[in-house]
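Chemist: Take a look at the letters that make up each chain.
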Amino acid sequence: MKYIEPHAHMVSRTTDDYERMALAGCTAVCEPAFWAGFDRSSVDGFHDYFCQLTEHEPRRAAKFGLKHFCWLCINSKEAEDVKLAEEVITLIPQFLNRPNVLGIGEIGLNKNSRNELRVLEMQVELAAKHGQLILVHTPHLEDKLKGTRLILDVLKHDKRIKPERVIIDHVEEHTVEMVLEAGMWAGMTLYPETKCTPARVIDILEAYGHERLWLNSACDWGVSDPLAVPKTAVEMKKRGHLPSAIEQVIFSNPEKFLKQSGKFKTG
Amino acid sequence: MTKQQVLDLYFLDARHKLIELAAFLDRVERADGKDDFRLKVFRVALEGLTSNKKQKARDVLLAFSDPTMEPVAKATTKGAAGAFQK
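Quick note, the sequences are listed as chains C and E, same order.
Quick note: the working numbering has the first sequence finishing at residue 267, numbered continuously throughout.
Quick note: the working numbering has the second sequence finishing at residue 353, numbered continuously throughout.
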């Protein structure tokens, strides 16, 4: 079955993972900018990372027939240092016209601090000024509910932001409804222990329908599974979901959202 | 899916997870020392599982969540504990 992996941190994965994803039917992979597992020491580290995302990684994906796209930002885990964040945000516009850049992301909150919130507002401003799509990371575990509420407040307050051009990622049962009610897209992440399992993702689809929802693996340098999306498609089949419904959530929905960038296409 | 189909597909998995949960409680209860905030919230969340409410997964997640809206002064860590400490 063909599918789109709309959220994967491929710089942290092996070439074998690209091959396995291609064999499983992946046609395009999208990579939001995120935390490397350690704090970068200067803006130059981000410059190199953005070059990696826009030059090197598309070439690595192309070897397996996969289209590679990315999102650019300073992630919320490094947003406590506002001065560094300002320097990184100043750097981003020079990359926005590159052919695989879809928008600003994954911006958001991590510990819901004042500085994180300030940097979030700065990056929403950046997206609005340059007419970019927005991909939002919501916090982990006990911080998710509060973080999602704060993020929605920021986005709803800025009238330049069209909700249908925003995806709020890593929703779970306690946050999905408020995101969909705000008119935004919601991403469900299949991640061991800390986010959703395939069974729970399908429960959410059965409860809320298939509109403005997508699935992703968010595979990265931690324990995660780059094949989580096709494995969930198999689970949907076991639960009697029609092929057209499966195709909608693993391919058509991400394609519909991402095509708003004007750049996205599948391989 | 019918109830029977759900049970056929997920009962053994749920049974396995319930036993793991019970074993975790046995393990932590026979260990020396005091409970912390995580276990207290855990027990509150458990109570909800036997209710007749329809959104048990959501309610468990809410039990572990920070219900406040005021941003914290500073992020002093990057990780999350899994339960909100009042």
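Quick caveat, the hints were computed from the structure, so don't treat them as lab data.
Just so you know, not all the hints are guaranteed correct.
As the list claims (entries may be wrong) - Simulated coverage check for chain C against chain E, where a stretch passes if three residues somewhere in it have a Cβ under 8 Å from a Cβ of chain E:
hint	stretch
1	11-17
2	21-34
3	144-154
4	233-241
Stated by the list, open to error - Pairwise CB distance ranges, derived in the manner of DEER restraints:
hint	chain 1	residue 1	chain 2	residue 2	range
5	E	Leu279	C	Gly25	49 to 59 Å
6	C	Ser12	E	Gln322	28 to 38 Å
7	C	Gly240	E	Leu285	17 to 27 Å
8	C	Gln260	E	Lys284	34 to 44 Å
C-beta atoms are modelled at their ideal positions from N, C-alpha and C, and glycine is treated no differently.
Chemist: Hint numbers the structure violates, sorted upward?
Modeler: The structure conflicts with hints 1, 2, 5, although it agrees with all the remaining ones.
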